[in-house]
Every structure is written in C-alpha cells, then in structure tokens.
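Protein chains in written order, with my numbering: chain D, 1 to 282; chain U, 1 to 282.
Do not rely on the hints blindly, as some may be mistaken.
Copies of the same chain look alike in the list, so a pair counts if it fits in one copy or across any two.
[Claimed, not checked] Taking lysine-lysine and the DSS-like style, the derived pairs with C-alpha atoms no more than 30 Å apart in a straight line are:
| hint | residue 1 | residue 2 |
| --- | --- | --- |
| 1 | 93 | 215 |
| 2 | 22 | 223 |
| 3 | 25 | 15 |
| 4 | 85 | 8 |
| 5 | 238 | 215 |
| 6 | 215 | 232 |
| 7 | 215 | 272 |
| 8 | 232 | 23 |
| 9 | 223 | 245 |
| 10 | 25 | 8 |
To be clear, the hints were calculated from the coordinates, so they are not data collected in a lab. What you are looking at is a predicted structure, and each value in this text was computed from that prediction instead of being measured.
Number of protein chains: 2
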Amino acid sequence: MVSSGFNKVISAQRKVIAERFKKIKHKIVIMSGKGGVGKSFIAANLSVALAMLNRKVGIFDADFHGPDVPKILGVRGNVLRVGPKGIEPVVAKHGIKVLSLDFMLSSDETPIIWRGPLKATAIRQLLAEVNWGDLDYFIVDLPPGTGDEPLSVAHETPGLDGIVLVTIPSEVSLLDVKRAATFAKRLNIPILGVVENMSYYRCPICGHIEYLFGKGGGETLAKKLGVELLGKIPVDTKINEANDKGQPYVELYPESDGAREILKIAKKLISKLEAVDERTTS
Amino acid sequence: MVSSGFNKVISAQRKVIAERFKKIKHKIVIMSGKGGVGKSFIAANLSVALAMLNRKVGIFDADFHGPDVPKILGVRGNVLRVGPKGIEPVVAKHGIKVLSLDFMLSSDETPIIWRGPLKATAIRQLLAEVNWGDLDYFIVDLPPGTGDEPLSVAHETPGLDGIVLVTIPSEVSLLDVKRAATFAKRLNIPILGVVENMSYYRCPICGHIEYLFGKGGGETLAKKLGVELLGKIPVDTKINEANDKGQPYVELYPESDGAREILKIAKKLISKLEAVDERTTS
Chain D
1 MVSSGFNKVI SAQRKVIAER FKKIKHKIVI MSGKGGVGKS FIAANLSVAL AMLNRKVGIF
61 DADFHGPDVP KILGVRGNVL RVGPKGIEPV VAKHGIKVLS LDFMLSSDET PIIWRGPLKA
121 TAIRQLLAEV NWGDLDYFIV DLPPGTGDEP LSVAHETPGL DGIVLVTIPS EVSLLDVKRA
181 ATFAKRLNIP ILGVVENMSY YRCPICGHIE YLFGKGGGET LAKKLGVELL GKIPVDTKIN
241 EANDKGQPYV ELYPESDGAR EILKIAKKLI SKLEAVDERT TS
Chain U
1 MVSSGFNKVI SAQRKVIAER FKKIKHKIVI MSGKGGVGKS FIAANLSVAL AMLNRKVGIF
61 DADFHGPDVP KILGVRGNVL RVGPKGIEPV VAKHGIKVLS LDFMLSSDET PIIWRGPLKA
121 TAIRQLLAEV NWGDLDYFIV DLPPGTGDEP LSVAHETPGL DGIVLVTIPS EVSLLDVKRA
181 ATFAKRLNIP ILGVVENMSY YRCPICGHIE YLFGKGGGET LAKKLGVELL GKIPVDTKIN
241 EANDKGQPYV ELYPESDGAR EILKIAKKLI SKLEAVDERT TS
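Modelling step: build the complete structure from the supplied sequences, incorporating the hints.
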C-alpha cells in the first residue's frame, strides 16, 4: 500500500514535470567524467553567453556536493521563495533563472550527506515544483562522474537535447571522460560536443605558452567520439578572480581569449539546436 | 529471514576485516571536498614517498568513478589473483601493494553505474577479502566529495588514524573542503593536516611566479581548522608527464620543488603518527 502510494506520487510528479518542460525549448546537460575540470565555470558562463545573445536562460545546478553556480553568478546567499505557480528560481543578471542546491543549505559548513535514493527523490521533487516559465535554454550542471546523481537527473529531465562534455587535456582525465561518454550512450542522449578547459597558459610577462595539463586531449576525445571540439579555454588567473568576485568572466573580461571562446561555443550550440527548430517548424 | 541472513554476512565480514587490519599499523585517508584537485596524485605519491622512507605501504584506490592510482603507479592493466589467504593486491615498485577498482573493470570504456548501496557492499567485501599482510601504512584514496562512498569507506575501515585534506588555493573550492572537514568531524576522525596542491606556477622561461588558482587558500583552511598546513605543491608540467608515463613523480623528479614537498609531507606524517606509537609502547 505504502509502495503503491509512493508510485502514484512519482507518476504525478512526472506529469507535472512534463507539463513545465513543454515551455522550455532546449535542454543541455554539462557533464564531465571527473570533478575539478571547471564544469560549473563552463555551465555558468555558457548560460551568461546565451543570455548575452538574447536567449531566455535557466540553469539548474544539480551538483549536491559542491554547488558552485550561485557563487560564480553572484547570487549566493539568496533563498528560494514560493509563489502561486511553485518555487521561484533566483534571478541573476541578464534575467538568468538559477536553481541550486546551495540555496537550500544552512551554512558553508554544512556537508551534504544525502544517500543516493534521497538524491533522486529530491531532484524529481525540485523539477516538479520549480516555476521556470518560458525558456529558450535550460542548462543543467550535472554532478561529476558516472554515478547516481547524473543518472537521476538524466532520467528525470524530459526531452534533453544533448550533452556537452567538459574535459582537461591530460590523459588520466580522458579515461574518465570516456567512461562518461559511454554512460551518455547508454542513456541514449546525444553528445553535442567537447569543451577542453585549461588547454594552455600564456605567461603574462614573457608570452611563453605552456601546456600545463598535457596537450591535445580534447581533440583526441572529440575525434574518438565522432563529435565536434566546440572550443579550447586557456588557464587564466582572471577566471579565478571573476569566480571569486561573483561576476561572470565572459562578461567581466569579454576581450580575453577564454571569453571569446565561450561566446563562440554558445553560438555553435545555438546554430546546432535552432537549426533543428527551423527544420521541424517549416 | 533474508535480512537477518544478510546482517549475519555483514557482521562476519566486519570480524574478518578487523582481524586483517590488526596487522596494519597506520591508516590514513586522503580526502577532498571536490574532484580534480589532484587527490589521487597526492595519495599515490605519498605512498611512494613513505616506501622510499622504508615503510611497508598499501594503497586502496576507493574512487569508483575515476580509479587513477594504478595508472600513476604504473600497474594499470593488472588483474587481481586469489591465493590461499584471499585476494592478493597488485605489487608495484618499492613493494607497494595496490588495490583499485580499476583492476575490476573490463575496459577503459566501461562506466561504473553502481548504485549507492551496492558501493558500500562492494567496499566491505573487498576489505574483508584482500590479503594486505603486515603493513606500516595503509593509504585510502577516497572518492571526492561528502557523499555515499567516503562515508562507506570511513565506516568500514577500522581504526583510521586520520584524514589528510587536499585542496587547491581558490575560494570556490574552499567552500567544498570546509564541507568535507565538517563531514570528517561528524565521523569523529581527526584531520592530520592540509595539503595545498596547484599552489603556484613558475614560468620555466622567465621565472615569473603566478598564482594560477588563487593564493593562500590552504593556509586559511588549515588555520580555520586548527591543523597544520603540511605542504604546498606547485603546478608542474612534469607531474602530468610522470602520471601519463606511469612513473611516480616523486621518484622520477626527486629534485623538483613538488617532489621535495611531498617527501617533507611524508616525513611529517611519520613523525606525527610514529611519535604516538612510541608514547603508547613505552
């Protein structure tokens, strides 16, 4: 009886989710095989780039262990409010709607010891209750790896367009990303392309270029998967500075190599996904 | 009935684990709040440093999503053999005994989609069945974050001496590590100290020093926790090169700043833990 009631709740939640997601045109998940490759930085700055290109954007920071998106977008410390249409996401600059597990934590010091099944329930409940409204793009910052959480998010988000895989150039990390790609294939979600982060570093004094974390990994991976290498973003101390300030790098340093590259990636995604729109609506 | 049988299995396994761990003098877990901070690199190279200082060392690579330790120690592609005393760990250079989930994967392409409860069972079973023999040091490379796996490993490994927290200097990452520290406190395991990785970078051409990922984070964290900052390891392209070659950095480039720092950290851990031995045995 309890179990059957629970199943009814789940199926009711899924109906609500499907209804809410009808108003969202494109859904992209940002994924990486391991943490620390700058996935959240890419997800947050891609959202800003899309908004700068006049798209209505929402971002779901689904990383339970280190929800960094609010910090990067300068909306940390906000709390979620409930309105007549459900939970209202926090609105950042450019009208970007932000939902993060960070908004539900009591303090910096609170660790999130949530067991796997609880996480899946929490994600489904959130997706059912948040009022995203009409959006052009819905960006999901998945937890790193190939475990429970990315699996749950992929299962619960209807109509995903595809995955953007973030990697760094070194070989050790590529192993992990290959696993992530297989994971994506098993879930039957297309890979839209690969972004290589921390590609190189240019010494600001002498101009010497160093490949700090190896070379060519993103290209090799993209070729291996038969997908496009969407862009290569260098190591830049300004990235760290912007993240810490809570001002998006792509907007604060638009002339930097990295920001130009992120804008280029956003344009590529738009042309990939909106070309499909035109074909299906004409 | 099934449940009670299962509980009997668990309690039998825990007895075997306790028996095996009596022969291991010190157990240290290497932990980080998030991935990609070089935790596996530190864990593997600390093991080598301890072995170079004539200690008998075993390392358990408990990272389900990206088991990198075998690659770094040059024993990738090995398989586990079963002997009369149980599963025999793979033996790397310096006699270091290595157990990794990587030895149980079929290929680079296989993702590990294991659900939370399965992971806890797998860890307990492994710890019960592996014949470590007599060891001075048992190093556990925990999965990143504050979720199911680090919790399981900490619960299942008897008599842990403490945690070494690995961080990078940037502020965003410190948030995560603070969560990890609270997690450690909740589990009642002492923190032996903080290691700051990717602390700085020295341009090999002009000598310019740049703080690529921020500055001072490790020190701030250590102070905040009231523990020692055990060492600061720079960004060094040789680290990536050594990892890719499967030759430990600390041994391949012993004169580098990073290798000297890792040896210093190993000596500090020895003096912390073996001083306790002397006090308790005298």
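Status of residue 8 relative to residue 25 across identical chains (alpha carbons, at most 30 Å): within (28 Å within a copy, 53 Å between copies)
Under a CA distance limit of 30 Å, which applies to residue 215 and residue 272: within one copy, between copies, both, or neither? within (27 Å within a copy, 40 Å between copies)
One pair to classify: residue 25 and residue 15, alpha carbons no more than 30 Å apart. Within, between, both, or neither? within (18 Å within a copy, 56 Å between copies)
At most 30 Å between alpha carbons: which applies to residue 223 and residue 245, within, between, both or neither? between (36 Å within a copy, 23 Å between copies)
Within a copy, between copies, both or neither: which one fits residue 22 and residue 223 at a CA-CA cutoff of 30 Å? neither (34 Å within a copy, 50 Å between copies)
Using 30 Å as the alpha-carbon threshold, which applies to residue 232 and residue 23: within, between, both, or neither? neither (32 Å within a copy, 50 Å between copies)
How would you classify residue 238 and residue 215 at a CA-CA limit of 30 Å: within, between, both, or neither? both (22 Å within a copy, 13 Å between copies)
State whether the alpha carbon distance between residue 85 and residue 8 is at most 30 Å within one copy, between copies, both, or neither. within (22 Å within a copy, 50 Å between copies)
Up to 30 Å CA-CA - residue 215 versus residue 93, copy category: Between. Shortest inter-copy distance 28 Å satisfies the 30 Å Cα cut-off; intra-copy 35 Å does not.
When no copy is named, should residue 215 and residue 232 be tagged within, between, both, or neither for a Cα gap of at most 30 Å? both (11 Å within a copy, 25 Å between copies)
Violated hints for the displayed structure, listed by number in ascending order: 2 and 8.
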